[in-house]
Every structure is written in structure tokens, then in C-alpha cells.
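Asker: Read off the chains here:
Number of protein chains: 2
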Amino acid sequence: MVKKYIMTPGPTPISEDVLIEHGKPLMHHRSPEFGKIFSEVTEKLKKLLKTKNDVFILTASGTGAMETAITNSFKKGDKVLVASIGNFGERFKKISLVYGLEVISLDYEWGEVADPGDIKKILDKEKDIKGVMAQFSETSTGALNDIMAMGKIVKDYPALFIVDAISGLAASDFDTDGWGIDIVIGGSQKGISAPTGIAFVSISEKAWKAIEVSDIPRFYFDLRAAKAALQKNQTPWTPGISIIVAMNKALDLLLEEGIENVFTRHRILAMATQEAAIALGLEFLVAEPGQRGFSVTAIKVPGGIDGKELVKIMRVKYGVTIAGGQGKISGKIIRIGHLGYVGMFDVITAISALEMALADLNYDFEIGAGITAAQKVFNENNYLDK
Amino acid sequence: MVKKYIMTPGPTPISEDVLIEHGKPLMHHRSPEFGKIFSEVTEKLKKLLKTKNDVFILTASGTGAMETAITNSFKKGDKVLVASIGNFGERFKKISLVYGLEVISLDYEWGEVADPGDIKKILDKEKDIKGVMAQFSETSTGALNDIMAMGKIVKDYPALFIVDAISGLAASDFDTDGWGIDIVIGGSQKGISAPTGIAFVSISEKAWKAIEVSDIPRFYFDLRAAKAALQKNQTPWTPGISIIVAMNKALDLLLEEGIENVFTRHRILAMATQEAAIALGLEFLVAEPGQRGFSVTAIKVPGGIDGKELVKIMRVKYGVTIAGGQGKISGKIIRIGHLGYVGMFDVITAISALEMALADLNYDFEIGAGITAAQKVFNENNYLDK
Numbered sequence: 008m009v010k011k012y013i014m015t016p017g018p019t020p021i022s023e024d025v026l027i028e029h030g031k032p033l034m035h036h037r038s039p040e041f042g043k044i045f046s047e048v049t050e051k052l053k054k055l056l057k058t059k060n061d062v063f064i065l066t067a068s069g070t071g072a073m074e075t076a077i078t079n080s081f082k083k084g085d086k087v088l089v090a091s092i093g094n095f096g097e098r099f100k101k102i103s104l105v106y107g108l109e110v111i112s113l114d115y116e117w118g119e120v121a122d123p124g125d126i127k128k129i130l131d132k133e134k135d136i137k138g139v140m141a142q143f144s145e146t147s148t149g150a151l152n153d154i155m156a157m158g159k160i161v162k163d164y165p166a167l168f169i170v171d172a173i174s175g176l177a178a179s180d181f182d183t184d185g186w187g188i189d190i191v192i193g194g195s196q197k198g199i200s201a202p203t204g205i206a207f208v209s210i211s212e213k214a215w216k217a218i219e220v221s222d223i224p225r226f227y228f229d230l231r232a233a234k235a236a237l238q239k240n241q242t243p244w245t246p247g248i249s250i251i252v253a254m255n256k257a258l259d260l261l262l263e264e265g266i267e268n269v270f271t272r273h274r275i276l277a278m279a280t281q282e283a284a285i286a287l288g289l290e291f292l293v294a295e296p297g298q299r300g301f302s303v304t305a306i307k308v309p310g311g312i313d314g315k316e317l318v319k320i321m322r323v324k325y326g327v328t329i330a331g332g333q334g335k336i337s338g339k340i341i342r343i344g345h346l347g348y349v350g351m352f353d354v355i356t357a358i359s360a361l362e363m364a365l366a367d368l369n370y371d372f373e374i375g376a377g378i379t380a381a382q383k384v385f386n387e388n389n390y391l392d393k
Numbered sequence: 008m009v010k011k012y013i014m015t016p017g018p019t020p021i022s023e024d025v026l027i028e029h030g031k032p033l034m035h036h037r038s039p040e041f042g043k044i045f046s047e048v049t050e051k052l053k054k055l056l057k058t059k060n061d062v063f064i065l066t067a068s069g070t071g072a073m074e075t076a077i078t079n080s081f082k083k084g085d086k087v088l089v090a091s092i093g094n095f096g097e098r099f100k101k102i103s104l105v106y107g108l109e110v111i112s113l114d115y116e117w118g119e120v121a122d123p124g125d126i127k128k129i130l131d132k133e134k135d136i137k138g139v140m141a142q143f144s145e146t147s148t149g150a151l152n153d154i155m156a157m158g159k160i161v162k163d164y165p166a167l168f169i170v171d172a173i174s175g176l177a178a179s180d181f182d183t184d185g186w187g188i189d190i191v192i193g194g195s196q197k198g199i200s201a202p203t204g205i206a207f208v209s210i211s212e213k214a215w216k217a218i219e220v221s222d223i224p225r226f227y228f229d230l231r232a233a234k235a236a237l238q239k240n241q242t243p244w245t246p247g248i249s250i251i252v253a254m255n256k257a258l259d260l261l262l263e264e265g266i267e268n269v270f271t272r273h274r275i276l277a278m279a280t281q282e283a284a285i286a287l288g289l290e291f292l293v294a295e296p297g298q299r300g301f302s303v304t305a306i307k308v309p310g311g312i313d314g315k316e317l318v319k320i321m322r323v324k325y326g327v328t329i330a331g332g333q334g335k336i337s338g339k340i341i342r343i344g345h346l347g348y349v350g351m352f353d354v355i356t357a358i359s360a361l362e363m364a365l366a367d368l369n370y371d372f373e374i375g376a377g378i379t380a381a382q383k384v385f386n387e388n389n390y391l392d393k
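Residue numbers (the working numbering), protein chains in the order written: chain W, 8 to 393; chain X, 8 to 393.
Calculated from the structure, these hints are not laboratory results. What you were told as hints is all true, and nothing was included just to trick you.
Put simply, identical chains are the same to the list, so a pair is met inside one copy or across any two.
Here are the simulated lysine-lysine pairs, DSSO-like style, with alpha carbons at most 27 Å apart:
no., residue 1, residue 2
1, Lys43, Lys10
2, Lys82, Lys101
3, Lys127, Lys213
4, Lys239, Lys324
Model the full structure from these sequences, guided by the hints.
Answerer: Here it is in C-alpha cells:
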């Protein structure tokens, strides 16, 4: 018997309480019973996002919501600035190019964060930029952009600020209205810890003005149809009913814990993971400690070790699924997710499995150093006293 | 205690066995374990569709798959013929127009089916038609088009034949390859009886040639990305994992029953519903008996009765959710779904609730006539001897 653990940055572990809600017989999506749940989920998402803006639930993965933000907000030929710090920044660019936008690429090394000052310089130079796009947590590297600083800059320009917060939400504080974010993109399967298959977007008044004049064709992801349906607490097309019902319970768990406590928990989980990696003599993809997010920790695979083999041993021999590198850093890093329904013993488990797999691959380290370092972080932070 | 029954044409009732699979902890979508299930689901869908063509699973509702078929298959300005017999025919037109296609509308009254001869006449006259679109079962009316006859016609023309079989699949025989259908569109929540949130399309070689030269922009629904990912038994973006796992079990149930037996079961369920309605003195939206499909029966609301009130009484007082009319026939019909994981006592229950609600609304009929007529159909057809 190999007991299974999922420690990836999505899908994340799901609470038994949420799985039970998810597993119930389906309501009809046009029934008042479902309408009530749908309305509750959107209201709870607003609390998580700290926004008074409308939130729209889409039956799609996060990429569908990224496409929704782009196809609804711009006109063909519009100039947009994409700050790219990893795989999902690249995705913003690809989608923008497919839909005929002119993309200004502001690229950083994978493992770095974007410099808000660079964004300001470009906005000052290129007066006709209609949108700025960035990731909050870049899932492929674990780096966390300073969205608050970027928001303070972009709000003084005509451009919309679109933020992919898919893997960052619930791990770190995100203040949609306070930071002036026009469109925030999130997903069901990350910090909210519900099953995969639902994404959502929040839309500011400024964004609505752009949506009303956008000329990029869209139907399934047309937010005007979503807005009309929202008046009846519905979606325009049949939604992923069981996932939305699961999200309702998962959001209850977050709100009962208190979202500030949720952020603290994620910070401590990330710190424990980082201290463990340091104790094992490992290096981080994100060199600057202050730039590491609390959703996922990307660790460089030590020289002489096959990164894909390391992930495979952890999964097959020890039952612990973590993620490898994406895109151009495939095989060069491992990514340990500590996002969502994750407690301290999940981190201890993941680090323990990592140690055992590293030992199998003859990596030179002191057995137990990682889990000991992680446990010290939990002790010192009074993790259980909340 | 009001026990709940769902008798709509989607979502359909879900087997407890399927709900249990659906409720399990999630696998990672890039793991070999999920890849195996993903591969099994696509192979089982091919059996249900009777095709050797590739089948692509999309995380979206059926409307997303309709959009996928259209945006992948055509060039801007292409001429397409839409045979519209109801709300979903209209949707084909709307999507086509949004993406810049020239639409020839072949419209029928809601409750009628399309005449394949009309399609031939138009194809003979308009030589540059690139696609023909039609519904198999038109969910809004319950009418069933003769797709076999249409397929025999369209195959002699350059046009692609795109069929929305979302609510017809598993209720009636559908022979994708035998009938020469280029793109078939289906969903998780209809005859397959899994939860909502997944759709799928099958793509012929002829369709692939069109897809390769299509110039309509698309990203999330780009079938070229789906094809590349399929080589690894994956989807390009995070899919609705729990729904696909549920579909695997739901498809097992259909294949174990034997899909020819599944068709017979649906035919008998539909006949029983029809005989019950006749015994209650009710009329059908689809006047011609041979044009009524086996997924859903649309019944005209008798004069003097409020159709929306009838649906509401059935749902609130008796716990039985059926559907009302869509679009321009809202309030004028009721639709009883007998699709998917539905047995004869589900039909008896729905008819019994209908009788009670009709009695509440002072409709003049003989109490018990409907359920008696339905039961006779089940007896005469040796329903239990399979």
C-alpha cells in the first residue's frame, strides 16, 4: 500500500467536507436552489478578492479565464504590455497575439519578479497602451509579483490592469479594489481547494467600459452574456454545477478560518518548505527570499540528479505527487505546492519523501535535516495556537 | 420531507456508482494514472459515437464545444447552412455570425424536424457552402432530426457536416462513421449521465483538413493544441478531472448494459411518457410521432394553465424537477427528460407528479390514467426481461 498525497500547485488537496459536497447529486442549474448557491459563491469570492466588482464564474480552466479577460477587454490591434516572469506570462502573450493585439513584452528571467518601475517607464513612453497584464504568483516559478506597487502605477494611466491571480489567491493577501485591479483571474483548484474545472474573473467599472466597445469576437466567454445571466443568479450556459457547489463549501472553510489566518498559514507553510530546502543544501529558483510566493516553492535540482526521475520516484515509490518544471526549465526544478487545504504535516510528508528520493539518487545530505528544519519553523511560529 | 427527483434533459440523474467516482480525491492531470483514465474515456466515447475519429475532451459546457466546432473549421466569410428546428439551431447561427461566417438559415417551426431534401436543394444551389450544421435531438423541442439521411446527402458535397448530438447521444443510435459525420458534439451531463462541465467533439479527417487552414482566432478551444496534448493522453489546459473520472464510470455502465439495449430502454421510456401524456389528454409539441426523440418529451401546456406554475408546483410541492420551454416557447410547454440513468419508475414518478400538479391546477382528467398508461407500455415491452 502506497498512500497517496498531492502536493502540486493545482490541483491541491481537497478537504473531505468539500469532497462530500462535490459528490452529492446535482441540482438543476436553473433552479432557485442552485441560484442561491451560485449567489453565495460569487459573494464569497468577492470577500476573498476584496472587491465590490462583479465576479463571473466560468466553466473552464484558468486559461479560459485568461482568454476571457483578453477577448472581452480589447479591440483588435490594441497595444498591451505583458510583464512576463514565467510560463503563464508567456501564455498571456500567446493569447494576446492570437487575438490580434500588439504585444509589448517586458521579460524577466524565470525566477525573477517584474520591476514596477519598468512598467512605469514603458507606460510613460507608449501612451497608447490599453492594458497591462501580469501574474500575481507565477505558478511555473513560484515568484510573487508586487501587484500592489504595479496597481499604484497603472491606475494613473488609461490602461486596464489585468492580473492572473490563479495560484496566488488565498495564499497571499490580494486587495482587488485597494490596489485598483480591473480584472482579476482565479480558479477553483488552487488556494480555494475545490476540484478543477471552474475559473472566475472580477470586472471593474473601468473594464466594463472597455468590454462594451471591444470588437474581438467571442461567444462562450462573452461577459455581456454572463452579466445578463448574473441578474438571475445564473450562467448563460450550463455550468459545472458540482464544482460550484464544492467551491461554496471550500470558501466557507476559508472564511471560517479567517482569510488573514489563511494567509499566515500559507506564509508559515512556505517558510517551513524553504527552511527544509536550505537544510538539505538545495537552492531556489527564486533567488531573492522576499520574492518567493507562498503557494509553491521551486527548488533547483542539484547537479548530477535527474529532475524528472526525482519527481517520478517521489510519486511512484513514495506516493507523493509534486510538480516538475514547465516550459524551458522542464527537468531543472521541482515545485512543491503548499497551497489550499494543506497543513504542516503535509509539508513534513512532502519533505520527508523528498529526502528519501534524494537518498535513493545518492544526493549527499544529512538524513532528517529537512524535516527537522521544517518542524522548527512550525514550532517557532506557534502554528497550532491559532 | 420532499424527496427530490431530477427529470430534465440535462443535468440527468446520476448513478450512485458514478457519484462515488466523482467524489473521490483528485489525481493530478499530468500523472500517468489520470492519463490512463483519460485514454479510456476517449476510447469509450469512440464506441458510443461509433467512430474511429479522434475525440477531444473539453472543459466547458456544450455551447463551448459548439463554438469549438465552428471556430476551428471555417475561415472568416465562409458560407454555412444551419438547419434550425429550435433553440440550439438558433445558437449555431448566433455563434457562426459572431465569428464572421455567412449563414444560410433553413428554419422550421419549433416542433418540426428538418427535411433532408431541403438541405440537398440548397447545397445544389449554393456550391460554396463550407459547412452544414444541425441538431440530432433538439433539446428545446424534443424533435429528432434524421441525421443519417442528411449525412448521406452532405457526404457528396465539399461541406463539413457538424452535428450537435449533445442531448441525443445514448438515447438513440448515432453512427458517426457510418453516417459520415465530420464533427459530432456531445456533453457529459446528458445521456452519459455524469456531472455537468465536460463536452467533447469528434473530428474526421475531412474536418482536420479544414482545421489546419482555418483562420478564425482561437486559443482555449484550439483543437490543434488539443491534438498535440492527446499524444500524451492529456489536455492542453487543466481539465475538469473529477468529471472525466465520473464519465469513465458512467460510460462503463452504458457499455455494460450494451449500447443497443440503452437505445431500446430510452425508446421504451419515451413511449411510456408519450402514452401517459395521451391518456391525460395532452398534446405534443412535436406533432408527428415518428419525429419525437427519446431523450425528452415536450408537452404543450393545456389552455387555461400557467406552464411556469405547473413546473414550479412539480418542483416545490412534489420535488420533481422538469424543464419548461426555452426561448420563444417559454411557458407554453413542459419538457420531461427521460435521458441517462433513468428507469421506468422514474417515468412513473414524473407522470405521477405531473398528474398531481395538474389536479392542483384544476385540469380535467382521470386521476391515474397517465401512470396506468405508462405502466402498460413497460409491461407490454417486457422492460424487465433484458
